[in-house]
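Peer 1: Read top to bottom, the protein sequences are chains A and B. Numbered by the working numbering, the letters in the first sequence go through residues 1 to 364 in order. Numbered by the working numbering, the letters in the second sequence go through residues 1 to 316 in order.
Keep in mind the hints are simulated off the structure, nothing from the lab. Since the model is a prediction, treat every value here as computed from it, not as a measurement. We treat Cβ as the ideally placed atom computed from N, Cα and C, and that holds for glycine. Careful: at least some of the hints might be erroneous.
Said to hold, decoys possible - Distance condition first, Cα-Cα at most 27 Å in a straight line; then the derived BS3-like pairs of lysine-lysine:
no.: 1; chain 1: A; residue 1: 2; chain 2: B; residue 2: 78
no.: 2; chain 1: B; residue 1: 219; chain 2: A; residue 2: 2
no.: 3; chain 1: B; residue 1: 78; chain 2: B; residue 2: 17
no.: 4; chain 1: A; residue 1: 343; chain 2: A; residue 2: 306
no.: 5; chain 1: A; residue 1: 361; chain 2: B; residue 2: 219
no.: 6; chain 1: A; residue 1: 361; chain 2: A; residue 2: 2
To be verified - With beta-carbon atoms standing in for the labels, derived distance ranges:
no.: 7; chain 1: A; residue 1: 20; chain 2: B; residue 2: 121; range: 45 to 55 Å
no.: 8; chain 1: A; residue 1: 354; chain 2: B; residue 2: 114; range: 34 to 44 Å
no.: 9; chain 1: B; residue 1: 24; chain 2: A; residue 2: 278; range: 52 to 62 Å
no.: 10; chain 1: B; residue 1: 85; chain 2: A; residue 2: 250; range: 21 to 31 Å
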Amino acid sequence: MKWLERLAAVAAKEVRQLARDRITIGLIVGIPAIQLLLYGYAINFDVRGVQTVVLDQARSSLSRRLVGDLGVTQVLGGIRQARTDAELHELMRQGDANIAIVIPADVERRIAQGDRAALQILVDGSQPVLENVAAGLASLPFLRRPGRPAAARPVEIMVAYNPERRTAVQIVPALCGVILTMTMMVFTSTAIVRERERGNLELLITTPVSTAELMAGKLLPYVGIGLIQTTLILALGYWLFGVAIQGSLIELYLGALLFIAASLSMGLLISTVAQTQFQAIQMSLVMVLPSILMSGFMFPFEGMPKAAQWIAQVLPLTHFNEIIRGIVLRGASLADMRFELGKLSVILILMLTFAMARFRKRLD
Amino acid sequence: MSVAITARDLARRFGAKWAVAGIDLDVPRAQIYGFLGPNGSGKSTTIRMLCGLLVPTRGTVTVLGHPAPKESEVVRRKLGYMTQRFSLWEDLTVRENLEFMCRVYGLGRAAIRERIADRMRRYDLEGIAAQRAGTLSGGQRQRLALGAATLHDPELLLLDEPTNAVDPQSRRDFWESLFELVGRGTTILVSTHYMDEAERCHRLAILDAGRVAAEGEPKDLARDIDAVVVEIGEIDFAAARRSLAGVGAVRSIAQLGNRLRVLLPHGTAEPARLIRAALADGNPGARVELVGASLEDVFVAATRLRGEAARPERAA
Ligand SMILES: Nc1ncnc2c1ncn2[C@@H]1O[C@H](COP(=O)(O)OP(=O)(O)O)[C@@H](O)[C@H]1O
Ligand SMILES: [Mg+2]
């Protein structure tokens, strides 16, 4: 078992060096925590409490009920009444209101005949999300069904706009994959390139350590770090945002393990190309950015052009996103996720084979 | 088998440049074999080819009976290598570095304890055992590197400029350690650009521009030098240099204290009289005498006199 002893020696050395590198230790914990807080709290795709001004020219019971209904949705907050058109525009220009709703004097006749727009909604175009809000308001059922304004129950509006913490629920599982992609690839690629840069590799490769022992020994500690990060993200997601795991925790970890291995092997491949740590980080970024943009983390996967969808197949994150969303949100099992697991395995095996073939115990 | 390393027509090219341009080597066992050569003469490249770290562009190498790089993996267990640049881990302590190297060479627990204790004592590392390698002085680093390279009792030690940036006393101690290792049967190949170190080797190859310019025992090299050495004293140096610059046969002039040392090609007829005649104008009272060659003269002759046109050395 000499090989195991050598592998253990390399792994123990890596852990020891890591433990002395305070900044890296900080990053291992800090990156997931900060990203999760940032995405979880700051980036909120839910829209609530939009400052609104209403110009009610009809002043009828119907128009008053409309304004009341709008207030209940919670999408619009702090609804103010403007007395004149000029006052409405003044409020918009000053930024005190982001949405303006004009109820024309003949609103009842417009709703009844349905030939002209019943309401006019003005949106502050400088804030992109608000257009969606306006579009949503325009399609509210009570405006489309003339003669039955009473059907406009606030509940229906809430379903469309205010499912509790919807962003966090989507973000937490997906963020797990994004953070692992970032840290795993950068950590492994720099871990090996650092030894090359500092001249340690020239000594290391003249010892009996084999390529496989060296790589496994270098990677093993990062598998552990990846699992720690996964745990951290899921725990914070649960405590801070109440994202519970619907599926099996063990299966989730098994899926994460495969994804971590695939990301590490990608970092390994980078390390066989890069000569300096700076190059290694640049190359990792080249992989991380498409992962974030194309894996379905940012934009819906189905909405991307076919070519982009094909490219995304090479990215481990694309498949892991499916797996973790399935297990965490839909309570899926690994068996349900076998195609994704298969694709991840293929990526892992290909990357490892390439990396092993490229890494020589030589300097040229 | 009495030969540790054999190389035939060994060559290595980087791009268009031949770093090693075809050298033959026979390194005897249990001796110190020196590579003497200026920077860029191909010392490191040759040593790396011996380790199997670089693949030769041409030629054959056999190290401890195994052809390189094909069987380098086997040889690596019997070989210790001290790289030109310090290559242990600066963020590990002296002891941790030694422990790691022991484990990588597959030593057992008991052996690890015994070897580390021995190397610490032998190379005076006990006082700095818990110190990070990155904080060590040049001499301490070198002792640690030698200790690490010898943990597995290698048959062959390859040392690439081990005494670079090390103070004279540490260099002396280091060479004592080398002779002690050789006394126990280790073969050592060491590269250097210090003359005094080259003089202490059993055998020596003078490398120049990727070729072996001279090879042999230091004493023999000095005796068989392909040049005559003339020493000149009691002169005005500036005037003498001017006069000698016009003498076609003069290949090199170097000042040593208050004397000038002049190299002329082997077979120059009456070199002393030639020099005296040249100095007659500016320095009629000069003392001129033929002297025995030093290793430095051999080095200069080997690296600068190879049949080129007369180009007097102007450096002081
Ligand atoms: N990896 C390399 N790539 C390109 N040129 C190299 C490389 N290694 C060495 N050389 C060149 O080969 C020549 C010999 O270098 P080296 O063997 O390091 O000399 P020495 O060790 O005697 O100083 C030098 O000109 C050097 O620039
Ligand atoms: Mg060198």
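Peer 1: Of the hints stated earlier, which fail here?
Peer 2: Of the numbered hints given earlier, those the structure breaks are 2, 3, 5, 7, 9, 10, listed in rising order.
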